[in-house]
Amino acid sequence: MGSAVVALLVCYCALSGSQVLRAIAFYSPWRIEQQLYKLDVGWPKRPEYFTGQTFCVAVDPLHDLVYVAQRGTNVPKVLVFSDEGNFLHAWNSTVEMPHGIFAVSTPTDTSVWITDVGSGEYGHTVKQYSPSGKLIQILGTQGKAGSGLNPLQFDQPAEIFVEQTGEIYIVDGDGGMNNRLFKLSTDFQEIWLRGENGTGAGQFKIPHSVTVDSVGRVWVADRGNKRIQVFDKVTGEWLGSWSSCFLEDGPSSVRLTTNEKYLIVAQLNINRVSILAAPPIGSIGDCHVVNIIQLADEVKPHLVDVNVKTGAIYVAEIGAQQVQKYVPLN
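Sequential numbering of the sequence shown, starting at 1, is according to UniProt numbering.
Source of the hints: derived by calculation from the structure; they are not laboratory data.
Since the model is a prediction, treat every value here as computed from it, not as a measurement.
Heads up, the beta-carbon is just placed ideally off N, CA and C, and yes, glycines get one too.
Hints are not guaranteed to be accurate.
With a cut-off of at most 30 Å between alpha-carbon atoms, the simulated DSBU-like pairs for lysine-lysine come out as follows [what the hints assert, rightly or not]:
#1 K45 x K134
#2 K309 x K261
#3 K144 x K309
Simulated restraints, written as ranges between beta carbons of each label pair [stated by the list, open to error]:
#4 E260 x E121: 37 to 43 Å
#5 W192 x P280: 21 to 27 Å
#6 S119 x N74: 17 to 23 Å
All chains, full assembly: derive it from the sequences and hints.
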């Protein structure tokens, strides 16, 4: 038995039963010497607060808060933790079936956006809440799926990303009639719209996650087409796509690390979080996997978020019904 494995087993002996299971989910012997992140087995401090399917997670680095949205009968839809893992409070206002969540954290605006894919009275909407759960704004027509632009309508909107400027990006189409990417102004007017159902450049099949980098590129996890597509944030022009890294399973989530050196991509069906090298300015090229966090079977990582202050990765796992935190080793 190798010395690295012996050392790992010794470490496991000092952990509780649940901590061992969570640590084993991170272990993969072929990359012990080169792993970039390690599991924080102490986060959260009381995982029993996860009582439903944890679909998404959002970090507010300005206030050191982590928001987790979950689904289930008679469970609080949004849980709020401190960055250290302490449970703070929960809320349940007008949230039916949360899919994506994003925390806006600027000196002038602190709020939480949730995409709701439910088919009941609150669904097919994108909603803005205060940190305590007070409803501020509704985009879309509650309870009605559609493709309209005036007023805006959605059909199972998957995720939202809000820039520091307040401009908004929404991927609309977690299996519904729409397969499109919106950019909205700060007053919720359409700036540009891209996409339709298909496999060509700029077309989508279940656009599932979206993020924006500091050099003006919009990254979209085109889950059904097993690729990431990239667009210019000013014009919406298609810049390129990556597919060679997703032969086994499409990307379900995409986020950038703090230094934008890597993209963090979740792959739900193969229980994997892949760390990809981010391309230089002016070149998309093809994707390159730098590192892998291989999770246990049936964990099913759905959406992720990154704390831009600490570099920690938070992974919402609908199979394991938990959120796990991974901290950078360097």
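Check your understanding: Quick check: which numbered hints come out false for this structure?
Key -> 3
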